[in-house]
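These protein sequence lines are chains A and B, in that order.
Once you know that position 132 of the first sequence is 134 in my numbering, the rest is easy, because the numbers rise by one and skip nothing.
Once you know that position 88 of the second sequence is 83 in my numbering, the rest is easy, because the numbers rise by one and skip nothing.
Derived by calculation from the structure, the hints in this document are not laboratory data.
Backbone N, C-alpha and C fix where the C-beta goes; we use that ideal spot for every residue, glycine too.
Please note: incorrect hints may appear among the correct ones.
[Unchecked claim] Which chain A residues face chain B? A few, computed with CB under 10 angstroms, are given here: (1) Arg22; (2) Ser30; (3) Pro34; (4) Cys134; (5) Gly135; (6) Asn174.
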Amino acid sequence: MSDIKFSEDTLAVAKKIMARYPEGKHKSALIPLLHLAQAEFDGWLSPAAMDYVASLLNIQNIEAYEVASFYSMFNLQPFGKCMIEVCRTSSCWLRGANEVIAHIEKKLGIKEGETTADGMFTLKAVECLGSCGTAPMMMIGAQFHENLTHDKVDAIIDSCKQEGKRKTYLDNVVVDKY
Amino acid sequence: MGRKILLAHDHVPGIQGYEVYRKQGGYNSVEKAIKTMSPEAVVEEVKKSGLRGRGGAGFPTGMKWSFLAKPEGVPRYIVCNADESEPGTFKDRYLMSRIPHILVEGMITSSFALGVNTAYIYIRGEYFYIVNILEKAIEEAYANGWLGKNILGSGYNLDLYVQVGAGAYICGEETALLESLEGKRGNPRIKPPFPAIAGLYGCPTVVNNVETLAAVPFIVNEGGDAYANVGIGKSAGTKLISASGHINKPGVYEIEMGITVEDFIYSEEYCGGISNGKKLKAVVAGGSSVPILPADKILNLANGEKRLMSYESLADGGFGGGTMLGSGGFIVMDEDTSIVENLFTFARFYHHESCGQCSPCREGTAWMEKILHKMIDGHATLEDIDLLWEIQAKIEGNTICPLGDAAAWPVASAIRHFRGEFEEYVKNPKAINKVTRMAV
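This is chain A alone, in the form it adopts within the complex:
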């Protein structure tokens, strides 16, 4: 067992989540707890992180692995501090998603699926994120960036770079349009 452990605050949140389910059904907390682990442990789920979550829920390690490997929001390897997820399904494609991807590739000097040398950005093309009416769009952490233009993309990426912080799905964000 490694020394990976939730902070006291996160552990309290985890305990609160585990109490939402009927007695003996706490395995239901697995996905929420994997989200907590991913956000707390550098944005990905190492075997040690998954083992830790399994131990909290008193389930077999493999039960955590099989779930973590099924869902596309769980990363089983490290990636950049900001994962740029660009939607490429129909409605976004109709409104220029491929151009957005090509623009980011050029700007960051990487191909889709790659991470910049400084470890700041990973570019990922993803399937429909439910933002079809404000296409094209991309998601960084929990934040939806919509009605993208090349200028807007540049500004967003530059500001992420300046902040230099890891973005996670658990960030508290405000999306103004909806």
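Mind docking chain B on chain A? Use the hints.
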């Protein structure tokens, strides 16, 4: 302006918060149901209303509720399906983030009707920011006595929780959703048993879409007949339509069912016409899974009458000449759109989202993506079009859940209505790529 039920107060500043929502008559349905009605009477009103499941299948909600088993001493559950993942659909997102309390209210009233003491909202992981909005609304509902123990002094108890997913289209299928909520991979279950008999934790469970549950407060307040009077025939009430693609005004619109498709696309009240003055080429009317129709077929029925925005009218003509209302994900394509390339984005989507449980879907979706990829790369032959047709036909009806059908229908309909374009594309792919060169 058409009748608004769900979005009637969407324009009111601060409607996201409890005070304003309550001032607009929010939570009246809970009060009315708990204080003046029996649970059975609430179910009866929902049956009378003709409300049908708004997630895509259109199954009568009252009937679904009446299937719920009620064995003594066994808990029952309501799970709200907020996994909205059907490409082209973003209405639940709109509703939950703008008026979160309407869902909370609908869930309380529905839970009372079905004798449920614990309910969950299962929301897709990508909507994490809405989790915060919903949790705030739920907190406000607890603080004001609408949730928790002994609601309105009636002795009725209800707890409501938000459960977040982690990126899987398949979890919108109700049994996959329940698996996921139990902390497992989202593999759909074999039915029967249906969730109404053995759902969450093996207990009787009703799974309803966000929009469906949000319609319940109106039905209880105004009566099932009042709801049934809105809309047209068996398409009772209003429907949220997510409009996207090549239109001037993309967005979420609440329509009274029965308006013409033409009016929806071209009127200023809704989509505002095709962008850049282009002509309409095709529409996917109910989310990526439903058959695509060319302009003439989506606007008009075979008998020359105008097609309407309703379950029946959109389905008129069967799969040969009609489509489905589905989730209401309305994707519009202009004259320059390549049907082949758009289909490739759908095929790639279904391949990515297949859970892998059934061979026809797991292998078939992969092959459909590969063949379309080959077309776009310019290496396909005319025989590949027939091969694509054969593969989709072998998936349809041969899988545990409807994802297989959902992957097959877009392919079948695109070939059925646009075969000539596929042939042109195969013969000369570069000439067709007028607008967007696919970066594959």
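For each hint, the structure was consulted:
Using the Cβ-Cβ criterion of 10 angstroms, the hint placing Arg22(A) at the interface with chain B is satisfied: the shortest such distance is roughly 5 angstroms. Satisfaction of the interface hint for Ser30(A) is found here, the shortest Cβ-Cβ separation to chain B being roughly 5 angstroms, below the 10 angstroms cut-off. Interface restraint check: Pro34(A) against chain B, minimum CB-CB distance 6 angstroms, threshold 10 angstroms, status holds. Using the Cβ-Cβ criterion of 10 angstroms, the hint placing Cys134(A) at the interface with chain B is satisfied: the shortest such distance is roughly 4 angstroms.
Of the supplied interface hints, the one on Gly135(A) holds, with its beta-carbon coming within about 4 angstroms of a beta-carbon of chain B, less than 10 angstroms. Of the supplied interface hints, the one on Asn174(A) holds, with its beta-carbon coming within about 6 angstroms of a beta-carbon of chain B, less than 10 angstroms.
In this structure, every one of the numbered hints holds.
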